[in-house]
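Work the whole structure out from these sequences, hints included.
Taken in sequence, the protein lines are chains A and B. For reference, each letter of the first sequence is one residue, going 1 to 303 in full-length UniProt numbering. For reference, each letter of the second sequence is one residue, going 1 to 256 in full-length UniProt numbering.
Keep in mind that the hints were calculated from the coordinates and are not lab data. What you are looking at is a predicted structure, and each value in this text was computed from that prediction instead of being measured. Watch out, some of these pointers could steer you wrong.
[What the hints assert, rightly or not] Simulated DEER-style distance windows between Cβ atoms:
| id | chain 1 | residue 1 | chain 2 | residue 2 | range |
| --- | --- | --- | --- | --- | --- |
| 1 | B | S130 | A | D39 | 29 to 37 Å |
| 2 | B | V211 | A | L216 | 34 to 42 Å |
| 3 | A | R111 | B | V211 | 28 to 36 Å |
| 4 | B | S130 | A | L216 | 50 to 58 Å |
| 5 | A | R21 | B | E191 | 49 to 57 Å |
| 6 | A | R21 | B | S130 | 18 to 26 Å |
| 7 | B | R77 | A | P88 | 35 to 43 Å |
| 8 | B | S130 | A | R111 | 26 to 34 Å |
| 9 | A | D48 | B | L233 | 38 to 46 Å |
| 10 | A | C26 | B | R77 | 21 to 29 Å |
| 11 | B | S130 | A | G131 | 50 to 58 Å |
| 12 | B | K81 | A | S298 | 52 to 60 Å |
| 13 | A | K136 | B | T215 | 50 to 58 Å |
| 14 | B | H119 | A | R21 | 29 to 37 Å |
C-beta: ideal position from N, C-alpha, C; glycine also.
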Amino acid sequence: MASMGGPNDLSSEMELDAFRRLFPICFHERHLLESIRPDGRALGRARDTTLMLGAVASANGSALAKIGCTTMLAAIKLEVMTPTAEAPDEGCIAIDFHMPPICSPLVRPGRPAELAPVISKQLSDTILSSGMINLKDLCLVSGKAAWMAYLDIYCLDADGALFDAALLSAVAAFSHLQIPVVSFNDDGRIVLISDDNSGAMKEKEPVNKEKIKLKLNNLPFSLTCILHKNYILADPTSEEESIMETFLTVVLDSSFQLVSLNKPGGPGLAHTSSIQECITLTRQRVKEVQKILQEAISDMEVD
Amino acid sequence: MAGKSSATPTTYSPSLSGQKKKRPSFLTDSDWVRPDGRGPHQCRPAFLRTGAVNSASGSAYAEFGNTKVIVSVFGPRESKKAMMYSDTGRLNCNVSYTTFATPIRGQAPETKDLSSMLHKALEGAIILKSFPKTTVDVFALVLESGGSDLPVITTCASLALADAGIMLYDMVASVSVSCIGKNLLIDPVSEEESYQDGSLMITCMPSRNEVTQMTVTGEWSTPKIHEAMQLCLDACSKLGKIMRSCLKEAASGPQD
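As structure tokens, then:
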């Protein structure tokens with residue numbers, strides 16, 4: 001009678017896919033022993049990242065970010081609002097993260113994903129506290145009119161590291177944002193000046209002279225790492241996230257200052273040395289992503 | 001504290017196109033010139049791609065002019081526990097719009113209505129007996145709404161179902177026709193749809209020559225309906241060929 005040797009005995013007899021489904025932790029640990037992951041990446045390496053600016057033509061600024069298979073579409077639409085009395089020369093940014101049912105088999109229509117409002121709040125906090133955007137730049141007429149920037153991020157394909165991809169798409173969308181030229185019309189409302197009407201509108205003073213881009217300082221970039229026993233895996237896929245549940249998200253800005261560090265509990269506990277290592281991995285990642293963003297911006301300008 | 005307000009402030013869009021355009025009064029008798037320069041019986045060029053979403057069993061992306069839609073199909077998977085036993089499969093459809101799909105933020109049309117119409121259009125084409133007790137979920141997300149949304153959603157959904165390997169009697173293609181004055185315009189854009197006197201949408205299975213859904217709204221005379229139906233059916237059969245070639249490309253592509 002064969003003794004119950006557990007998964008190790010069966011591994012030689014079972015088909016690879018079945019083993020992967022039935023004993024996922026064992027499957028992944030076998031790979032980690034060789035310092036590699038099932039998709040062939042090294043432990044500290046992130047997946048291929050691509051960025052495309054201007055994906056949504058009708059929005060004032062937009063970007064499509066892909067990290068591996070995780071795809072995020074961010075779009076910014078500008079609307080006019082009356083600024084509050086406490087801050088008469090500041091605009092406002094409203095950030096919303098959506099996970100529509102197309103992105104993952106775990107999301108059902110009518111029942112929003114649990115993860116969506118969590119990431120929404122995290123993004124909101126990160127972007128507003130990083131000081132990337134000076135809200136005074138969003139003012140039109142002090143006390144009367146200011147821009148409200150609605151940033152909507154849609155997850156089109158959820159394959160792990162959602163926060164990283166969402167933050168990248170948000171930062172790219174802000175880099176692409178162009179504030180249109182507007183003026184006050186007779187009713188006291190702000191209207192767009194379209195190019196063909198520029199002759200007729202000469203009597204109306206434009207509130208801002210030309211289409212301007214927002215001045216951005218200290219763009220934040222992030223990296224999520226999974227802590228499992230004494231391994232650190234950067235940029236997890238959804239399969240890795242579902243079996244190894246302790247992760248740490250580090251957000252650094254372009255001058256490598258720490259913007260936020262988030263370890264939302266989890267069964268694993270982290271030594272400060274692991275946290276240091278995660279920060280080092282994030283620093284490398286920030287350099288990579290900055291280059292990718294620069295390339296995407298210069299591609300847009302050539303067009 | 002910058003940027004946070006306790007109540008959401010009311011905002012308005014500065015865009016001029018937000019204001020409702022009044023329909024020009026000369027339309028009833030004269031010829032309508034289409035804003036994108038197409039002929040009245042010319043459809044927009046179709047861009048179709050399967051395999052857009054990796055997490056889904058099957059998916060497709062469709063771009064017809066400015067109308068862009070992604071559809072994901074999940075399943076066949078376990079029905080909800082509350083559902084009674086059924087020896088045929090179930091279909092569950094859901095359509096949603098992004099907030100930036102329409103020119104003015106947040107003005108999405110009634111999606112429950114679209115979801116139920118999508119369900120009815122696809123029901124007839126799926127071989128439900130092939131997956132008893134389970135459910136196939138079809139989810140659509142409209143990224144940009146440029147007119148003729150439901151036909152594009154239906155076409156894209158049928159491609160996604162084929163990509164997922166769900167058994168179908170035939171591909172489902174859908175086209176709509178708008179009637180403005182005396183003009184019959186196929187595959188209308190949003191501007192044309194806002195001025196229309198009536199619309200006719202046909203969803204059919206081109207190779208079997210069977211119609212799964214037909215919707216007529218507005219004023220139509222009988223000869224006009226016949227003409228519009230013929231236009232739609234011809235366009236659907238061409239669209240069916242385009243869909244098949246897209247699937248063939250996808251199947252033969254990765255093998256090299």
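Tested hints:
1. B:S130 - A:D39: 29 to 37 Å: With a Cβ separation near 33 Å, B:S130 and A:D39 satisfy 29 to 37 Å, so the hint holds.
2. B:V211 - A:L216: 34 to 42 Å: violated, 54 Å
3. A:R111 - B:V211: 28 to 36 Å: holds, 35 Å
4. B:S130 - A:L216: 50 to 58 Å: holds, 54 Å
5. A:R21 - B:E191: 49 to 57 Å: holds, 51 Å
6. A:R21 - B:S130: 18 to 26 Å: Given about 24 Å between the Cβ atoms, the range holds.
7. B:R77 - A:P88: 35 to 43 Å: violated, 54 Å
8. B:S130 - A:R111: 26 to 34 Å: holds, 28 Å
9. A:D48 - B:L233: 38 to 46 Å: holds, 45 Å
10. A:C26 - B:R77: 21 to 29 Å: holds, 26 Å
11. B:S130 - A:G131: 50 to 58 Å: holds, 57 Å
12. B:K81 - A:S298: 52 to 60 Å: holds, 54 Å
13. A:K136 - B:T215: 50 to 58 Å: About 51 Å separates the Cβ atoms of A:K136 and B:T215, which means 50 to 58 Å holds.
14. B:H119 - A:R21: 29 to 37 Å: holds, 32 Å
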